[in-house]
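Heads up, the sequence shown is in our numbering, so the first residue is 63 and it goes up one at a time.
Worth flagging that the hints you see were computed from the coordinates, not collected in a lab.
By construction, the Cβ of each residue, glycine as well, lies at the ideal position given by its N, Cα and C atoms.
Incorrect hints may have been included.
What the hints assert, rightly or not - With beta-carbon atoms standing in for the labels, derived distance ranges: (1) Val394 - Asp168: 38 to 44 Å; (2) His65 - Lys226: 17 to 23 Å; (3) Ser348 - Ile78: 26 to 32 Å.
Unchecked claim - The calculated lysine-lysine pairs, modelled on BS3-like cross-linking and capped at a C-alpha distance of 30 Å, are: (4) Lys283 - Lys300; (5) Lys77 - Lys391; (6) Lys424 - Lys253; (7) Lys226 - Lys300; (8) Lys424 - Lys388; (9) Lys156 - Lys256; (10) Lys283 - Lys226; (11) Lys256 - Lys283; (12) Lys156 - Lys136.
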Amino acid sequence: MEHLAADGVDIAIDKIRWRVFEGSQGYTLSPLFQYSRGDGVLHYTPDYGKQIGLPGDRLSVDYVRAVLVGYHAKSQRWLLGLHVAQGDEAPIFKVLVRWPISNPDDHGHDVRMAARTLSRFLSCPLKVFGEKKLPKPTDDPTRSGVTGPLDPHVRRRIDLNEVKQHAIDIELPVEGPNFQINTSRSGLTLKLTKQPSGGDGESDSPVFNLVEFNFKQKRVKLIPPTGLLGSFLSGAAKEIEFQDVHNVEHRYIISEVASNVPARDGSYMVEQLTNRHIWGLYLTLSDESLLLLRASFIQSSDLIQSRVTMVGGGNKLDTNAAEGVKYFKQHVEEQERIDEINNATLYAAYLVANALGRHIVKTEVGSSQI
Numbered sequence: 063m064e065h066l067a068a069d070g071v072d073i074a075i076d077k078i079r080w081r082v083f084e085g086s087q088g089y090t091l092s093p094l095f096q097y098s099r100g101d102g103v104l105h106y107t108p109d110y111g112k113q114i115g116l117p118g119d120r121l122s123v124d125y126v127r128a129v130l131v132g133y134h135a136k137s138q139r140w141l142l143g144l145h146v147a148q149g150d151e152a153p154i155f156k157v158l159v160r161w162p163i164s165n166p167d168d169h170g171h172d173v174r175m176a177a178r179t180l181s182r183f184l185s186c187p188l189k190v191f192g193e194k195k196l197p198k199p200t201d202d203p204t205r206s207g208v209t210g211p212l213d214p215h216v217r218r219r220i221d222l223n224e225v226k227q228h229a230i231d232i233e234l235p236v237e238g239p240n241f242q243i244n245t246s247r248s249g250l251t252l253k254l255t256k257q258p259s260g261g262d263g264e265s266d267s268p269v270f271n272l273v274e275f276n277f278k279q280k281r282v283k284l285i286p287p288t289g290l291l292g293s294f295l296s297g298a299a300k301e302i303e304f305q306d307v308h309n310v311e312h313r314y315i316i317s318e319v320a321s322n323v324p325a326r327d328g329s330y331m332v333e334q335l336t337n338r339h340i341w342g343l344y345l346t347l348s349d350e351s352l353l354l355l356r357a358s359f360i361q362s363s364d365l366i367q368s369r370v371t372m373v374g375g376g377n378k379l380d381t382n383a384a385e386g387v388k389y390f391k392q393h394v395e396e397q398e399r400i401d402e403i404n405n406a407t408l409y410a411a412y413l414v415a416n417a418l419g420r421h422i423v424k425t426e427v428g429s430s431q432i
């Protein structure tokens with residue numbers, strides 16, 4: 063859970079709730095403002111609603127057009143709130159939280175994190191004022207090395223007995239989006255059918271495009287791409303003894319990338335969020351983690367920051383049926399594709415670990431852990 067201090071209030075964020083508590087007296091049992099992911103209704107105390115300009119003690123998310131955040135130069139404060147409107151009316155900015163008077167560089171990380179999370183929970187756009195660009199992330203979570211991922215992560219060990227049980231049930235060949243793993247005369251072969259395109263924003267790619275696991279020799283042979291360019295980039299083939307491999311790591315990374323684009327009316331910048339799903343299979347050696355394969359999937363920002371509005375009253379399905387079907391179909395298709403890639407890379411991990419007689423370390427980075 064994240065706790066963020068603002069001006070007179072504190073924001074508490076967990077995996078499903080975004081809440082505002084009175085900060086000066088410490089946390090109380092009841093929040094001033096609360097939204098639970100998927101609830102569809104904002105809840106707040108009548109006094110806090112009156113203070114921020116919202117009616118009564120609750121409001122349907124159908125009235126929320128966007129989350130609005132930015133640095134107000136005149137008051138020298140960061141502001142976070144909602145664009146609220148009914149029907150075709152022009153939206154009105156209702157400020158939920160103010161930060162203390164400060165420079166633009168202060169509080170920026172906390173403000174953006176709180177705004178992005180609320181936008182994601184509400185499934186609505188995030189509008190930004192007072193800045194044109196967002197700082198670009200400098201870390202690369204997929205780079206190999208002895209330290210492993212530097213971001214907060216969860217690791218689970220899969221013992222060799224469990225590895226063997228899973229490997230027996232896997233039908234060969236296993237084909238992923240850019241690789242194939244199959245039996246060979248000497249044992250097992252992992253072949254990259256194509257290199258990652260780089261469209262996921264990451265530069266790290268496997269150096270070798272063919273990996274042979276020789277059961278008789280107890281040796282892994284890594285072969286670079288053929289041709290002049292392959293020799294220049296990868297060098298000569300490499301051999302590793304089975305006994306030198308400590309474990310096989312299956313790494314799954316979800317990274318959220320934000321970019322600003324002008325709104326249609328030009329009044330604000332709209333922050334577009336894109337989820338990058340990246341899978342990597344590594345051999346962990348004494349002095350390095352050797353990347354064998356990498357696959358990726360880019361999740362549409364339209365699904366992350368939009369929702370199908372259901373109109374209440376007598377006709378609960380008074381909405382654009384075709385748009386709704388398309389929206390949910392795209393949700394299902396993207397999730398199915400994510401599951402397919404995850405299963406294929408995990409099957410590859412089971413087969414490789416079983417061939418080497420090693421356990422698996424299953425690492426998840428950034429899986430919406432708050």
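These are the hints, each one checked on the structure:
1. In this structure the hint that Val394 and Asp168 lie 38 to 44 Å apart at CB holds, the actual value being about 43 Å.
2. Look at His65 against Lys226: about 44 Å separates their beta carbons, and that is not inside 17 to 23 Å.
3. A hinted range of 26 to 32 Å for the beta carbons of Ser348 and Ile78 is inconsistent with their spacing of about 42 Å.
4. This hinted pair checks out: Lys283 and Lys300 have alpha carbons roughly 6 Å apart, not beyond 30 Å.
5. Distance hint between Lys77 and Lys391 is fulfilled; the C-alpha atoms sit about 25 Å from each other, no more than 30 Å.
6. The suggested pairing of Lys424 with Lys253 holds, with an alpha-carbon distance near 22 Å, which does not exceed 30 Å.
7. For the hint pairing Lys226 with Lys300, the CA-to-CA distance comes to about 27 Å; that is within 30 Å, so the pair holds.
8. Straight-line distance between C-alpha atoms of Lys424 and Lys388 comes to about 34 Å, which puts the hinted pair past the 30 Å bound.
9. The straight-line distance between the Cα atoms of Lys156 and Lys256 is roughly 50 Å, outside the 30 Å bound, and the hint therefore fails.
10. Of the supplied pair hints, the one linking Lys283 and Lys226 holds, its CA atoms being roughly 22 Å apart against a limit of 30 Å.
11. Under the criterion of a C-alpha separation no larger than 30 Å, the hint pairing Lys256 with Lys283 is consistent with the structure, at around 19 Å.
12. For the given pair, Lys156 sits about 17 Å from Lys136 by alpha-carbon distance, which is consistent with the 30 Å threshold.
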